[in-house]
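Based on the provided sequences and hints, a complete structural model is requested.
As given, the protein sequences belong to chains A and W, one line each in that order. Per this note's numbering, the first sequence runs over residues 54 to 264. Per this note's numbering, the second sequence runs over residues -7 to 253.
Rather than coming from a laboratory, the hints here were simulated on the basis of the structure. For every residue, glycine included, the Cβ atom is placed at its ideal position computed from N, Cα and C. One or more of the hints may lead you astray.
What the hints assert, rightly or not - Listed next, with one range per pair, are the computed distances between beta-carbon atoms: (1) A:98 x W:183: 40 to 46 Å; (2) A:251 x W:66: 47 to 53 Å; (3) A:174 x W:130: 28 to 34 Å.
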Amino acid sequence: MEFLTYILHNSDRVFRLTIEHLELVGISIFAATVIGIPLGVAASRNTTLKRWSLAFANVAQTVPSLALFGFLIPATGIGARTAVIALALYALLPILQNTCVGIAGVDRSVIEAARGMGMTARQMLWQVELPLATGVILAGLRVAAVTSVGVATIAAAVGAGGLGTFIFQGLTMVNNNVILAGAVPAAILAILADAGFGWIERRLTAAFGIV
Amino acid sequence: MREEPAPVIELRRTGFRLSGGRALLSEINLSVGRGETLVLLGRSGSGKTTLLKLINRLLDPTDGEVLVEGRATAEWDAIQLRRRIGYVIQETGLFPHFTIERNVAVVPRLEGWPDDRIRSRVVEMMRLVGLPPEEFAHRRPHELSGGQRQRAGVARALAADPPVLLMDEPFGALDPETRLELQREFRSLSRSLGKTIVFVTHDVREALRVGSRIALLEEGRLVAVYSAREFKNASEPQIQRFIAAGSDGDGGFFTDSFEGE
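If you want it as structure tokens, here you go:
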């Protein structure tokens, strides 16, 4: 438990890098959500858009994370901006995909009844489709957030900071305590993100009465 | 000849073909008068649900036209038209995330009724269909039995007081006893409300119980239309086959229709 001593001695830096880490994840998940959910809604109405957007998100997801950072550096340079773009691209697939799946999964008879009663497309989206897809969409956000916390440790390699800074530093110094000072808080963040989104998911689905 | 009142729903040489060219309905001529319950009877695939969807413009006819209150559906704004037509389907299509109260209130809300009017109308409708609001208002659809859900579906369809009601095998998924009970109640309800109703079923007994007139569809064509009384004795072989199938192994066939009630 030597690394705990190390963390306590460097608590300011651990705290600062944790905040940096959360910023990287927070901004990229926000961007992926703001793009992914509307895109998913649009894609669930247009099969061509659905095919292309899912194909794109799939490719972005398939590229190894370090390679994705590498691809972006010539365009966006070293630093947090590159990291945020890469993380957002990474988070796009689960959010986009789950939005499509969630909306497609709404019971057909419910949709037919809604149309038959004279709901407009917009009313159906806000009153029926999105509320009923909420659980699935949030599950996608949860996966995106947890993955993002992990991938963000690599962001330090492109000079974006975050808890990965400790890990890379520890690797060069061959010092396990320094590595753990980054790895352990990152793991805890991932667990907290999972639990947090799980909680929101349960609360919201209960509020919408979905069983 | 006596002057006939203008029909509420009228189909004129109406046909519906899929984009591939296969005809689901062809050459349908049919009219439904104010306050009557017309049953569309036919086997699955005969086109009866398609016909129903042409009336509330969930589908547009590919041939001929469908008139509602004297106007072709193509000229109606689809949203306006649907809000004037109650729609009840077999699976009920109740919104699982809404309470029964909110489900019943959907169309009045869409129509922007004031809150207190919505509230009193919901109470009235729930009582009408036999779901006491004290007990059911705050339940969700999954907490109701099949029969209760179907009652809620009817209440929802009636909530905005539409002149026309379309019902697509509304009691098809219910057990025989509940079905009989709902058919009985529906019959007296439909008489007292004076709505124009088109009711789809594949069950000839149900057709005889609830309909004032019965139209038999076969493979997308209209075989014949008779009053419920005449239907049993109609000479068309297709009708005879249907009657025979309906009374199979059941001596109580005609005695359990609600005649004389």
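Each hint, compared with the structure:
For residue 98 of chain A and residue 183 of chain W, the hinted distance range of 40 to 46 Å is satisfied, since their beta carbons lie about 43 Å from each other. Between residue 251 of chain A and residue 66 of chain W the CB atoms are about 50 Å apart, so this pair conforms to the stated range of 47 to 53 Å. For residue 174 of chain A and residue 130 of chain W, the hinted distance range of 28 to 34 Å is satisfied, since their beta carbons lie about 29 Å from each other.
Going down the numbered hints, you'll see the structure goes against none, and every one checks out.
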